[in-house]
Amino acid sequence: MNKKIKFIQGNDVCVEAALYAGLEFFAGYPITPSTEIAEQMANRLPMIGGKFLQMEDEISSLCAIIGASLTGHKVMTATSGPGFSLMQEALGYAVMTEIPCVIVNVMRGGPSTGLPTHAGQGDVNQTRYGIHGDHSIIVLTASNHQDIFQMTVEAFNFAETYRTPVILLLDEMTGHLREKIDIPESGSIRLVKRLRTAVKSGIDYHPYLPREDGRLPMSDFGDEHRYNVTGLYHDMWGFPSDNPKIVYGLIRHLVDKIENNSHQIARFRKYHVKDAEVLLISYGASARSALHLVENRRRRGEKLGLLELQTLWPFPSDIVREVCKEVKFTVVVEMNMGQVLQQVRLAVDAPEKIFLANRIDGELITPTDIRNILRVIQGKGV
Amino acid sequence: MAVKDYIRERFFPYMWCAGCGHGIILNGLLRAVENLGLNKKDMVMVSGIGCSARISGYVDFHSMHTIHGRALAFATGIKMSKPELNVIVPMGDGDALAIGGNHFIHAARRNIEMTAIVMNNQIYGMTGGQFSPLSGYGAMGTTAPYGNIDHAFDVVDLAVAAGATFVARTTTYHVHELSDLIQQAIVHKGFSVLEVLSQCPTHFGRRNKIGDAVDMLKMYKNRTVRIGSDKKKADPDLIERGVFVKKDLPEYCREYDQLILKAGQKK
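Sequence lines, in order, name chains A and B. Sequential numbering from 0 applies to the first sequence in numbering that gives the first Met the number 0. Sequential numbering from 0 applies to the second sequence in numbering that gives the first Met the number 0.
Simulated from the structure, these hints should not be mistaken for laboratory data. Where hints are given, some of them may not hold.
[Unchecked claim] Here are a few chain A residues that sit away from chain B, every Cβ distance over 10 Å (derived from the structure):
| # | residue |
| --- | --- |
| 1 | Ser187 |
| 2 | Leu215 |
| 3 | Phe267 |
[To be verified] If we take Cβ atoms under 7 Å as the criterion, some of the chain A residues that face chain B in the derived model are:
| # | residue |
| --- | --- |
| 4 | Met46 |
| 5 | Ser59 |
| 6 | Ile64 |
| 7 | Ala67 |
| 8 | Thr70 |
| 9 | His72 |
| 10 | Glu88 |
| 11 | Pro216 |
| 12 | Phe220 |
| 13 | Gly221 |
| 14 | Arg225 |
| 15 | Asn227 |
All C-beta atoms in this analysis are idealised placements derived from N, C-alpha and C, irrespective of residue type, glycine included.
Kindly generate the complete structure, drawing on both the sequences and the hints.
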């Protein structure tokens with residue numbers, strides 16, 4: 000038997016994938032339902048000479064990995080709702096200073112302490128809008144173990160490519176679910192290495208002067224180039240500036256480097272979308288139920304399709320608009336009050352044809368739940 | 000290497016007020032680094048937010064101006080991921096002991112090798128003179144217009160109790176002692192805490208009727224004594240200066256190296 004096949008939790012898949020991607024430094028704080036990630040990191044990282052730190056809270060966990068990223072390492076932290084709330088200021092710092100890092104949020108029910116051991120998808124908007132100030136950010140998600148692996152690796156790749164924090168938004172259900180994972184052979188998924196400056200020692204290095212393609216080559220703390228990093232608006236030297244031209248240039252750069260590449264960042268799966276009359280749009284654990292329903296109804300000849308989103312932010316509006324054009328109506332399936340629903344309605348030409356199938360009681364939305372909503376919309380009764 | 004080679008001249012003059020003590024601390028630090036003959040490439044300075052935090056921009060080290068209170072957490076990530084670096088973390092009193100109090104005690108508890116300098120001016124200067132956890136009972140501030148009813152931390156006692164393995168105190172009046180203690184703190188293999196009383200004539204001195212910068216420096220001269228001085232017995236309110244604790248205990252990064260060896264055997 001191929002020993003690369005494992006039967007493990009989604010959280011453990013995330014660990015396998017992070018190590019595959021070259022993770023060397025992890026700092027975290029225990030919180031349900033993400034704790035298994037920290038536990039596995041504590042076990043695995045020192046085996047390969049990496050470092051695991053249990054910090055005093057989630058704030059310091061994110062701060063520590065940002066520091067470690069600056070010395071040239073691939074870094075990650077993992078948390079859940081309350082911890083993710085605490086991380087917002089440091090997250091904004093990573094956005095402003097353009098320091099690559101991956102933050103896993105294994106969603107639970109909220110707000111506040113909420114439902115620590117139950118599923119929820121209520122953090123979609125927080126990942127996009129949690130920090131103060133204008134910005135853009137990359138948020139990925141996945142519904143099954145093979146995709147959790149892929150998206151975790153992609154999260155590290157995007158973090159390096161765009162010099163930005165990337166949020167991997169999992170949920171309690173997929174995080175704790177055990178299913179088969181076929182660990183990809185080393186080298187079968189492309190890994191993005193950190194882009195380092197070619198500027199030689201003794202020649203001025205401008206840490207915040209983007210190349211023509213918008214990318215900023217980095218220099219590790221401890222190498223020859225010494226520069227300043229600050230959360231204030233800063234010039235090409237990394238020194239604080241309130242010059243309106245510099246402020247304008249930096250905010251445009253921070254937003255544009257992600258929004259202008261949204262088509263490159265968009266990850267999604269289409270199931271029976273081509274001839275679909277009714278479309279489901281879903282992600283994470285909810286997409287498992289949506290897919291089950293689609294496959295089930297297809298066997299009975301009903302033309303159902305599913306667009307599973309794996310990139311939540313920047314929101315793939317063009318793709319959503321395109322697939323919604325040809326269908327009679329669309330149902331967004333999620334476990335919140337309609338956070339992705341709002342985005343879909345903004346993206347499409349006919350928002351009145353977009354409906355919501357949700358559950359907000361801590362239980363996984365089932366295929367039957369979705370089917371019941373479809374029946375109501377189709378006028379077939381409950 | 001001359002002291003001027005350790006600064007980024009491009010970014011001067013600095014933004015501190017006339018008479019501020021923080022420039023004296025910068026001077027003491029640069030002289031300490033010069034005396035030790037340290038290579039700039041190996042030096043990292045991580046600061047938080049506030050007047051004190053601006054110090055990191057002025058030194059020609061790898062420098063990081065972070066978020067309020069969390070400098071030690073960022074520094075912990077840097078040190079752990081590259082232990083050969085020499086990490087210095089200057090913090091203000093509010094930065095280190097109010098918003099950053101938790102990180103302060105936990106960094107001390109871990110005994111991770113870095114130099115924490117508490118630039119204690121007893122006030123939030125940058126926001127205009129609010130009382131801090133080191134202002135002291137009865138002090139006046141814009142948020143203590145009737146006199147402060149909060150009691151102050153003793154930074155030295157707190158650092159010792161939390162497990163720091165080098166703990167010292169001095170003032171901006173005692174410039175040679177300042178530079179000497181920073182040197183000792185830098186070479187110490189463990190978590191070092193140095194409290195430096197630093198005058199803020201603009202906010203603390205003025206609001207508390209102590210006078211200008213010179214008056215405040217005179218106060219540091221007259222109201223502090225070396226540890227063990229007889230004067231302290233006669234006047235218990237005098238503040239002691241010097242090295243309170245200096246001990247060798249296992250350092251965090253070296254402990255982690257041992258842990259890696261253990262994990263390697265398990266593999």
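Reported absence of Phe267 (chain A) from the contact zone with chain B (all CB gaps over 10 Å):
Since the minimum Cβ distance to chain B is about 34 Å, Phe267 (chain A) lies beyond 10 Å and the statement holds.
Classify the hint on His72 (chain A) as holds or violated, based on whether any CB of chain B lies nearer than 7 Å to its CB.
Given a least distance of 5 Å, the restraint on His72 (chain A) holds.
Taking the least C-beta to C-beta distance, is Thr70 (chain A) closer than 7 Å to chain B?
Since the shortest Cβ distance to chain B is 4 Å, the answer is holds.
Answer holds if the nearest beta-carbon of chain B is closer than 7 Å to that of Glu88 (chain A); otherwise answer violated.
Holds, because the Cβ-Cβ distance from Glu88 (chain A) to chain B comes to roughly 5 Å (cut-off 7 Å).
Would the hint on Ala67 (chain A) be counted as holding, given a Cβ-Cβ threshold of 7 Å to chain B?
4 Å, holds
Checking hints one by one. Is Phe220 (chain A) an interface residue toward chain B, by the C-beta closer than 7 Å rule?
Hint on Phe220 (chain A): holds, closest Cβ of chain B at ~4 Å, below 7 Å.
Would you settle whether the hint for Pro216 (chain A) is holds or violated, based on the nearest Cβ-Cβ distance to chain B being less than 7 Å?
For Pro216 (chain A), the interface hint is violated, since the closest Cβ of chain B sits about 16 Å away, which is over 7 Å.
Asn227 (chain A) as chain B interface residue, shortest Cβ-Cβ below 7 Å:
5 Å, holds
Are all C-beta atoms of chain B more than 10 Å from that of Ser187 (chain A)?
Label holds. Min Cβ-Cβ 23 Å, cutoff 10 Å.
Agreement of hint Ile64 (chain A) with chain B interface, Cβ distance less than 7 Å:
Where the cut-off is 7 Å and the nearest Cβ of chain B is about 6 Å from Ile64 (chain A), the hint holds.
Have a go at the Arg225 (chain A) hint: is there a Cβ in chain B nearer than 7 Å to its own Cβ?
Result: holds, 5 Å to nearest chain B Cβ.
Proposed interface contact between Gly221 (chain A) and chain B, which counts if any beta carbon pair is under 7 Å:
5 Å, holds
Consistency with the previously given hints fails for number 11 only.
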